[in-house]
Every structure is written in C-alpha cells, then in structure tokens.
Amino acid sequence: MSMLKVEDINVYYGNIHAIKGISFEVNEGEIVTLIGANGAGKSTTLNTVAGLLKPATGSVEFEGSSLLGVPAHKIVNRGMALCPEGRRIFLQLSVQENLEMGAYTRSSAEIADLIADVYDRFPRLKERYKQIAGTLSGGEQQMLAMGRALMSKPKLMMLDEPSMGLAPILVEKIFQIIEELNKAGTTILLVEQNAQMALSIAHRSYVLETGRIVNMGTGDELLKDDTVRKAYLGG
Amino acid sequence: MLNYLINGISLGSVYAIIALGYTMVYGIAKMLNFAHGDVIMIGGYVAYCATSYLGWPVLFCVLASVVVCIVLGIVIERLAYKPLRNASSLAVLITAIGVSYFLQNIALIIWTSNPKSFPNMVTLPPLVIGGLQISSVALVTIAACIVIMIALTLFTGKTKMGKAMRAVSEDKDAARLMGINVDATISLTFAIGSGLAAIAGVLLCSAYPTLMPTTGAMPGIKAFTAAVFGGIGSIPGAMLGGILLGIIEIFGKAYISTQLSDAIVFSVLILILLVKPTGLMGKKVNEKV
Numbered sequence: 000m001s002m003l004k005v006e007d008i009n010v011y012y013g014n015i016h017a018i019k020g021i022s023f024e025v026n027e028g029e030i031v032t033l034i035g036a037n038g039a040g041k042s043t044t045l046n047t048v049a050g051l052l053k054p055a056t057g058s059v060e061f062e063g064s065s066l067l068g069v070p071a072h073k074i075v076n077r078g079m080a081l082c083p084e085g086r087r088i089f090l091q092l093s094v095q096e097n098l099e100m101g102a103y104t105r106s107s108a109e110i111a112d113l114i115a116d117v118y119d120r121f122p123r124l125k126e127r128y129k130q131i132a133g134t135l136s137g138g139e140q141q142m143l144a145m146g147r148a149l150m151s152k153p154k155l156m157m158l159d160e161p162s163m164g165l166a167p168i169l170v171e172k173i174f175q176i177i178e179e180l181n182k183a184g185t186t187i188l189l190v191e192q193n194a195q196m197a198l199s200i201a202h203r204s205y206v207l208e209t210g211r212i213v214n215m216g217t218g219d220e221l222l223k224d225d226t227v228r229k230a231y232l233g234g
Numbered sequence: 451m452l453n454y455l456i457n458g459i460s461l462g463s464v465y466a467i468i469a470l471g472y473t474m475v476y477g478i479a480k481m482l483n484f485a486h487g488d489v490i491m492i493g494g495y496v497a498y499c500a501t502s503y504l505g506w507p508v509l510f511c512v513l514a515s516v517v518v519c520i521v522l523g524i525v526i527e528r529l530a531y532k533p534l535r536n537a538s539s540l541a542v543l544i545t546a547i548g549v550s551y552f553l554q555n556i557a558l559i560i561w562t563s564n565p566k567s568f569p570n571m572v573t574l575p576p577l578v579i580g581g582l583q584i585s586s587v588a589l590v591t592i593a594a595c596i597v598i599m600i601a602l603t604l605f606t607g608k609t610k611m612g613k614a615m616r617a618v619s620e621d622k623d624a625a626r627l628m629g630i631n632v633d634a635t636i637s638l639t640f641a642i643g644s645g646l647a648a649i650a651g652v653l654l655c656s657a658y659p660t661l662m663p664t665t666g667a668m669p670g671i672k673a674f675t676a677a678v679f680g681g682i683g684s685i686p687g688a689m690l691g692g693i694l695l696g697i698i699e700i701f702g703k704a705y706i707s708t709q710l711s712d713a714i715v716f717s718v719l720i721l722i723l724l725v726k727p728t729g730l731m732g733k734k735v736n737e738k739v
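Quick mapping for you: the protein sequence lines, in order, are chains P and L.
Our numbering puts the first residue of the first sequence at 0, with every later residue one more than the last.
Our numbering puts the first residue of the second sequence at 451, with every later residue one more than the last.
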C-alpha cells in the first residue's frame with residue numbers, strides 16, 4: 000500500500016520553476032531514494048512534502064489523506080518527520096533540549112521514554128546530553144538531527160543529505176543506521192548526492208534532473224544502468 | 451555616592467525591563483520593534499486612567515495596564531508585522547517607526563498633549579539604612595526587575611514553551627518541522643514583551659511622574675541602546691545592559707553634566723560597539739559543516 004503519494008506537483012521559488020510535475024510514491028516498509036545532481040529539486044521535493052513549501056499544483060497524500068493546506072507544524076503529528084538538509088539542529092540548545100523539541104507535540108511522560116530510545120541507538124548523544132549542540136562534531140550533529148527526527152516516532156522518515164560533509168567511515172555508519180531503522184519498521188524517503196551509497200540500500204529509486212523525474216527503478220537496476228552510472232556514479 | 455548608585459540601578463532596572471522586550475522580540479522575529487517604547491506610554495496612560503478616573507486599587511491598575519498592553523502587542527504584531535514576515539528588514543523597520551508614530555498620535559487624540567501628573571503607585575514608606583534613604587519606588591523597581599529576570603530565565607530554560615521560543619529564534623523552519631507553531635510563538639513573545647512594557651510604564655511614571663504621548667520614546671530608545679549594549683537577543687545581556695546604562699546615566703548627571711547625560715549614554719554605546727560589535731554578552735555560535 001502506498002504510504003506517501005505525490006502526484007504531479009509543481010513548485011516555484013518566485014519565478015523559478017523548481018519542480019516540474021513530479022510524481023512518485025513510497026510504500027510502507029520501503030527505503031526509497033531520490034538521487035540527482037545539485038539543483039535537481041530533491042530538497043525542494045522533500046520540503047514540499049513536509050509542508051515548508053506549497054506546491055502551485057498537484058497533490059500530496061499521506062496515508063490516504065491530503066496534506067495540501069496543512070501547515071508544516073501539523074504535519075509531524077500525522078507520522079512524518081523530515082531530517083533536513085544541513086541538519087538544522089538548534090545549535091544553542093543542549094543535546095537533550097534538541098531531542099525534546101523533536102517530540103514537541105508529545106506529552107512529557109512519552110518524551111522520557113522516547114529520549115531513552117534515542118540514547119540507546121546513539122550512546123554518544125547520551126554522553127553529551129548536557130552539551131550545547133553547536134559544540135558537537137559534524138557526525139554527532141547528524142546523529143542528533145536523526146535522533147531528533149525519531150523523537151516524533153515517525154512512520155515515514157525523510158532524510159535530506161544525511162551524509163553531507165561527513166568522513167567516509169561516518170557515512171557508512173549513518174547508512175547502517177538508516178537500514179536498521181527501516182528494518183525496525185520505519186519507512187524511509189532518502190535524498191542523497193552520494194548515489195552509490197543511496198542506491199545500495201534503497202528498494203526503489205527515482206532519478207531527478209532539473210525538476211523532473213527522468214528515471215526510476217530498483218536500487219540494483221539503477222546501479223547497473225549506463226546513464227545513471229555515467230551521470231552519478233563516476234562512470 | 452551610594453544614593454546615586456541605587457538611583458542608577460533603579461533607573462537601570464526600568465531600562466532592563468524594557469530592553470527585555472526589545473531583545474526577546476529581536477531574538478525571535480529578527481526585527482527592531484521601535485514601537486515598543488510607545489507601548490510603555492500606553493501602559494502608563496491605562497494605569498493613569500484606571501486610578502484617576504476609575505479609582506481602582508493599585509494592583510488592578512497595573513493588571514489592567516498589563517492586559518491592555520499584551521492585547522495591543524499581539525494586535526500590532528498581527529496587523530503590522532506578520533504580513534511583512536518575509537519582507538526586507540528595512541520595510542519592517544519603517545513599519546515599526548510608523549506604528550510608533552501611530553501610537554503617539556492615538557495617545558495625542560485621546561489624552562491630548564497636556565502632561566498628566568502620574569500618581570505615585572508605590573506608596574510605601576522609604577527604607578532608611580543609617581544615613582541612606584531609598585525610596586520605595588526604587589526598591590519595588592529593583593525587586594520587580596529581579597523577579598522578572600528570574601521568571602524569564604526559568605521560562606526560557608525549563609519550560610517546553612520557553613525552549614520552543616529559543617528554537618524558533620534560532621531556526622523557524624526547523625522549529626516548524628518539530629511541530630512548533632511558529633506564529634503562535636511569535637505572538638507569545640510580543641505578548642510577554644508588551645506585558646513587561648506595561649510594568650515598566652507604571653514603574654517609570656511612578657519615578658518620573660510626567661505622562662505625555664512622547665513619554666515612552668526616550669526610555670524606549672535608551673532601552674534599545676541597553677539591549678544592543680548587552681548584546682541584542684540575549685536576555686541576561688539586556689538585563690546587564692539596562693542596569694549599566696542606568697548607572698552611567700545617573701552618574702553622568704551627577705558628576706559630569708545634566709544636559710550631557712544622554713549624550714554620554716549614547717557615546718558609551720558607540721564605544722562598546724566599536725570594541726565589541728556583538729555587545730557585552732552577545733554570542734556567536736559558529737556552524738560546523
């Protein structure tokens with residue numbers, strides 16, 4: 000069953016036509032990735048699904064109900080979380096406060112349990128719970144951003160460039176965590192420039208180019224696809 | 451000497467309470483609400499009317515003033531600033547100045563330009579320690595400032611809403627993704643700032659009992675100076691900046707020149723900004739990539 004269904008959305012930044020009629024869907028339990036070059040519209044697509052941007056036309060449905068016109072701060076309650084590009088953690092708040100914000104719509108009784116879960120998954124964050132988030136290393140900040148998104152117990156977790164700026168060993172760790180989350184029942188929609196890594200864990204994938212979907216298939220299919228190899232995997 | 455110091459701290463406490471409004475609104479909406487000083491004036495008039503025409507007891511007058519200013523603050527934000535949320539900061543600044551003049555002229559129409567003599571709302575006996583006599587207004591002002599400071603620190607540090615306020619001030623879109631209602635949080639900030647302005651208005655007019663439509667303008671500018679002085683966006687900074695400014699002003703009046711005291715105050719601002727552009731407690735957190 001399709002959990003997220005995006006149909007023919009068009010998104011503009013002022014006069015710039017950033018997304019030109021994109022349609023895709025994410026089924027329950029899947030890892031789906033959107034790959035493509037810088038400026039292809041990947042982040043714009045995620046931000047539109049999360050309600051930060053409004054599509055001029057088209058529809059976005061989550062679990063059968065439309066998200067159009069729903070303000071961004073109400074979407075998280077439907078069971079969808081976005082871990083945004085550049086992490087966007089609250090640098091002046093402590094690690095624990097960042098996590099608390101992730102569960103803003105939940106009761107304080109629930110928050111304690113959720114925080115314990117996140118600390119189980121990211122023991123490093125527990126060690127640093129009092130520290131101001133701005134003082135964390137890049138990898139730790141990414142873990143915090145993911146932990147914060149998990150605090151809302153999302154059914155669908157969207158991740159925007161989680162590997163950006165991280166050392167290769169950390170990138171692997173992050174992808175491993177994404178796979179673990181998926182195995183534990185979270186559906187994943189992943190945007191990545193690191194196409195190799197993204198395709199290797201994805202069930203299905205869409206290739207974006209200047210605001211359009213130009214190719215799609217399973218992760219393996221696209222890894223073997225000549226045009227994809229040339230454009231995104233370095234030959 | 452000690453008397454001057456206490457007067458300075460007392461005046462500085464008023465500036466600090468006003469500066470908190472500036473700094474909180476700046477922190478969250480990234481705008482300078484130049485109408486803030488005029489909200490103080492409105493607060494003063496409301497308290498004046500409540501006591502002089504209606505004969506209400508002091509606490510009710512203060513409460514009425516706080517309530518009116520809170521509503522006023524929220525309405526100003528909704529009508530004047532919210533439509534400009536994505537506009538250039540210059541447009542917002544000009545609008546704020548416009549709101550400031552609007553409020554002054556409304557006051558001019560309702561209360562005329564004749565100065566009203568504000569009744570002292572703090573009618574307790576002064577505190578006498580040895581040869582030192584401290585007026586009750588000064589004491590109440592300093593106490594109010596301390597209580598407000600502690601309350602705000604606890605609010606922003608411990609409560610969910612307060613933390614959300616800090617989150618919004620740092621990154622609005624990220625806050626939205628958390629499920630935080632950004633518009634409501636901004637309204638709340640204006641409400642708190644304006645409520646504080648009302649309290650500052652009553653305290654200011656109790657100490658300096660001439661109430662005119664322009665009464666709020668100068669303290670407003672000075673409190674803004676205090677907020678910048680302390681590091682705009684920082685709550686302890688506003689507090690420190692306000693109190694230091696009050697002390698500088700009183701000592702400037704006492705030892706240098708009464709006429710030049712305002713010039714001294716603003717010179718100090720310029721000096722501080724030359725040496726430390728972020729203000730005394732202004733902080734800068736660098737983003738890691």
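Keep in mind that the hints were calculated from the coordinates and are not lab data.
There could be a bad hint or two in this list.
From the structure, some residues in chain P lie toward chain L, with a derived Cβ separation under 10 angstroms [stated by the list, open to error]:
1) Tyr11
2) Asn97
3) Ala102
Only pairs whose alpha carbons sit at most 25 angstroms apart, straight line, appear in this in silico DMTMM-like list of lysine to aspartate or glutamate [claimed, not checked]:
4) L:Lys480 to P:Glu84
5) P:Lys152 to P:Glu178
6) P:Lys152 to L:Asp712
7) P:Lys73 to P:Glu60
8) P:Lys73 to P:Glu126
9) L:Lys608 to L:Asp623
10) L:Lys610 to P:Glu178
11) L:Lys608 to P:Glu208
12) P:Lys152 to P:Glu208
13) P:Lys73 to L:Asp633
14) P:Lys129 to P:Asp112
15) P:Lys129 to L:Asp623
16) P:Lys129 to L:Asp633
17) P:Lys4 to P:Glu171
18) P:Lys53 to L:Glu620
In this text the structure is predicted, and so the values were computed from the model without any measurement.
We put the beta carbon where it would ideally sit given N, CA and C, even for glycine.
Comparing the hints with the structure gives:
no.: 1; hint: Tyr11; verdict: 15 angstroms, violated
no.: 2; hint: Asn97; verdict: 8 angstroms, holds
no.: 3; hint: Ala102; verdict: 8 angstroms, holds
no.: 4; hint: L:Lys480 to P:Glu84; verdict: 23 angstroms, holds
no.: 5; hint: P:Lys152 to P:Glu178; verdict: 16 angstroms, holds
no.: 6; hint: P:Lys152 to L:Asp712; verdict: 56 angstroms, violated
no.: 7; hint: P:Lys73 to P:Glu60; verdict: 14 angstroms, holds
no.: 8; hint: P:Lys73 to P:Glu126; verdict: 32 angstroms, violated
no.: 9; hint: L:Lys608 to L:Asp623; verdict: 22 angstroms, holds
no.: 10; hint: L:Lys610 to P:Glu178; verdict: 32 angstroms, violated
no.: 11; hint: L:Lys608 to P:Glu208; verdict: 46 angstroms, violated
no.: 12; hint: P:Lys152 to P:Glu208; verdict: 32 angstroms, violated
no.: 13; hint: P:Lys73 to L:Asp633; verdict: 13 angstroms, holds
no.: 14; hint: P:Lys129 to P:Asp112; verdict: 18 angstroms, holds
no.: 15; hint: P:Lys129 to L:Asp623; verdict: 24 angstroms, holds
no.: 16; hint: P:Lys129 to L:Asp633; verdict: 29 angstroms, violated
no.: 17; hint: P:Lys4 to P:Glu171; verdict: 29 angstroms, violated
no.: 18; hint: P:Lys53 to L:Glu620; verdict: 23 angstroms, holds
Violation of the numbered hints given earlier is confined to hints 1, 6, 8, 10, 11, 12, 16 and 17; the remaining hints are satisfied by the structure.
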